[in-house]
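Work out the full structure: start from the sequences and follow the hints.
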Amino acid sequence: MLDGIKAFLDILSKPQISFTLIIFIFPFVIPPTMWFEKWHRKLGLHLLWTRKGGLYMFAFITIILLLGFFDENFGKILGKPDNVPIIILIYSVFFFLWLSMSSAYKNDERMARGEKVEEDYGPDEKVLVWPDLVYIEMIALILMTVFLLVWSIGLPAPLEEAANPSLSPNPAKAPWYFLGLQEMLVYFDPWLAGVIFPTLIIVGLMALPYVDDNPKASGYYSFANRRASIFIFLFGFLTLWVFLIVVGTFFRGPNWNFFGPFEEWSVAKVVPLTNVNLSEYVWVKMLRIGLPSHPLVREVVGIVIVVLYFGLPPVILARGKLRGLVERLGATRYALVIFLALSMMALPIKMYLRWTINLKYIIAIPESFFNI
Amino acid sequence: MADKKKTGLLASIGDSQIWKSIFRTGVPVTRRQRMMGVLNSVFLHLHPVRLPKHAVKLKYTWCMGGLSFFLFLVLTISGILLMFYYRPTVEYAYTDIMDLSEQVPLGIMREIHRWGAHAMVIAVWLHMFRVFMTGSYKPPREFNWAVGVIMLFLTLLLSFTGYLLPWDQLAIWAITVGANMARATPFLGHEGPGASLLAIGDINLVSMTSDIRFALLGGRFVGEGALLRFYVLHCVGLPFIIAILMAVHFWRVRKDGGISTPV
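Residue numbers (our numbering), protein chains in the order written: chain A, 1 to 372; chain B, 1001 to 1263.
Hints are computed from structural coordinates only; laboratory data are not their basis. Predicted model only: the values in this text are computed from it and were never measured. Be aware that a few hints might be false.
With a Cα cut of at most 27 Å, we get these calculated DSSO-like pairs of lysine-lysine [claimed, not checked]:
1. K116(A) x K126(A)
2. K1255(B) x K1020(B)
3. K173(A) x K269(A)
4. K216(A) x K1053(B)
5. K1059(B) x K116(A)
6. K216(A) x K1057(B)
7. K1057(B) x K106(A)
Here you go:
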């Protein structure tokens, strides 16, 4: 029975399956449009943000982690001192997601009834910083200090063997907060996964207040007023960042192969590399004339696809569904938003191309390290 | 004097010349004293004197910004203590860490520093999460949000540079994985797209010994040069920048209207 559950979870956690499930479930949990909102209510998913729903989710996470701790294979990874932050991350992100969403739903209900939001005490309700704030700050500092002391006394900082440049560990992992980027390396070359995407994340975050022109819902928790922006942010933060960190930490073993949580990290596991470039699909398999020698000719299909991917949707959407957005933001900011959104979606798209047709590169010009 | 009844110890301390010379306002009992106490203290005057009521609710603030700052201070103090014992050379770095854990009595500074660094990364993310969920990045706070994003990036860089210093297997291979990204930087890395365009005749301007990865590591691989560079960045360079940005960040919180309030 227990083994059956573990085998099931092993299969479930495969990126192909878990990521697909998340992508499909996510818009129902965090509904970006009214259509999803309707189903969100019908399926009862709004109950996740009640006290009971929170407890069930908490219990679910805890049961899986407990199952892991007492498992021979998963326990080894979960028990690593350096993975403690990941467990803290999982619990704290879950808790604060629940807290903010439940506050938001309560405020939405209040506003629907025509009442003031919870945070709105009116302009005259003021408190003195001394003592009302400094005491809270002091208690927070003390609790944090106690927490750090207990953690530090209880768990010695690990120290591995002395650095040895000639002996590389397998797998060699980046620090945990960069594992989302390292996970992207499976699907993209380093110039994208390690340089361009991190830059776009930073640029995108900094651009956020300049492109989100919705003036509503500042200074209080709310969902109904800004569902689309919360959906996009949480999709990026929870699935493309936190989830990939969890995958990179717990499910990536020797040779960066995927291992289910309860699987043993065996160096012997061999995953056949059968990835094929788009140019080979086109010239060799479809046209059967062999690869042209000039790289630009060889990669012409891929280049056209990439140019169309970034060029076509903005134009089509600007005339159709997003016409209002263009009018509000102006051409430059609209172009930036669409470019960032398409770049974000490029990751799942490339993942699926890899999983379905074993696509290695859409454009492959290794002569000048230009692979997409 | 007849009416000089029982004055407690605390009250007499509060009345003493020493106390009054330090805290001009005396023991904060009256409303006026409490307000002046905040105004007159260089530390407390980061805060306004009065706040809207929701601004002190943990449910609203999560206290994560404050905890990020507190963890930065904890890391600064524990880091300074660690610097007494640690020499950033390939010869000594690892053995100094060994000594630190085995010879120094009651030594948990390395633990405090390491776990505190992890905690700070999480606290900074959660702070940002809260600011997003309350829509507090919206005008007039858009610039301060951008400053915060840069500090988030610097926090990760601080943690990343510190990762190398114990000079164990985990350290050099994690940094090797990370630094290998840099050689794929477009135009600036020797395996990056466009780097081969930067050439004069046959001479490549961007080569293995002149690209951005070389600049970061001070060598072709993670060795003596990288250790010193990361040490200097970790202990002086990055904290210097982030401290300046923190000053800007806190200042702008006040200047942009204090903590966000419902509009």
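Going through the hints against the structure:
Restraint check for K116(A) and K126(A): the C-alpha separation of about 17 Å stays at or below 27 Å, so the hint holds. A C-alpha spacing of about 31 Å is found between K1255(B) and K1020(B), which places the hinted pair above 27 Å, so the restraint is violated. The hinted pair formed by K173(A) and K269(A) meets the criterion: a straight-line CA distance of about 18 Å does not exceed 27 Å. Note on K216(A) and K1053(B): the hinted pairing holds, with a Cα-Cα distance of about 21 Å set against a maximum of 27 Å.
Taking the CA atoms of K1059(B) and K116(A), the gap is near 17 Å; set against the 27 Å cutoff, the hint holds. Between K216(A) and K1057(B) the alpha-carbon distance is near 22 Å, which keeps this suggested pair within the 27 Å criterion. Between K1057(B) and K106(A) the alpha-carbon distance is near 16 Å, which keeps this suggested pair within the 27 Å criterion.
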